Amino acid sequence: MQLEVSGQNVEITQALRAYVAEKTERLERHFDHLISAHFVLHLEKLVHTAEGTISVGGRTNPIHADAAAEDMYAAIDALIDKLDRQVRRHKDKVTDHRATRPAEAG
392 MQLEVSGQNV EITQALRAYV AEKTERLERH FDHLISAHFV LHLEKLVHTA
442 EGTISVGGRT NPIHADAAAE DMYAAIDALI DKLDRQVRRH KDKVTDHRAT
492 RPAEAG
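So for the sequence shown, my numbering puts the first residue at 392; every next one is plus one.
These are computed hints drawn from the structure, not numbers from a lab.
Fair warning: this is a prediction, and the values are worked out from it, not measured in the lab.
Careful: at least some of the hints might be erroneous.
Unchecked claim - Here are the simulated lysine to aspartate or glutamate pairs, DMTMM-like style, with alpha carbons at most 20 Å apart:
# : residue 1 : residue 2
1 : 414       : 442
2 : 414       : 461
3 : 414       : 468
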């Protein structure tokens, strides 16, 4: 999956970039048709905000979520939790849940 991390009023350090990459591996574990992910980290006064958009294969609309916290790492954790729920929900929708019929004897 292609990963892009940018920041507004925040310097994106290697530690932040590595933390986001580590957390997005959790999303790939649940659904392997993820094409790209774009994360924007904001800092406005004392509120750290993380926004994320994921492009999923076979879906025209990307999955988007955002989260805010007093700490950037906590905001990233909350964002990944939200995206994980949405990815699992999307996977459940596209998965065929019908049971296969056994071959009829005859």
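Run the structure past the numbered hints and jot down the numbers of the failing ones, going up. none
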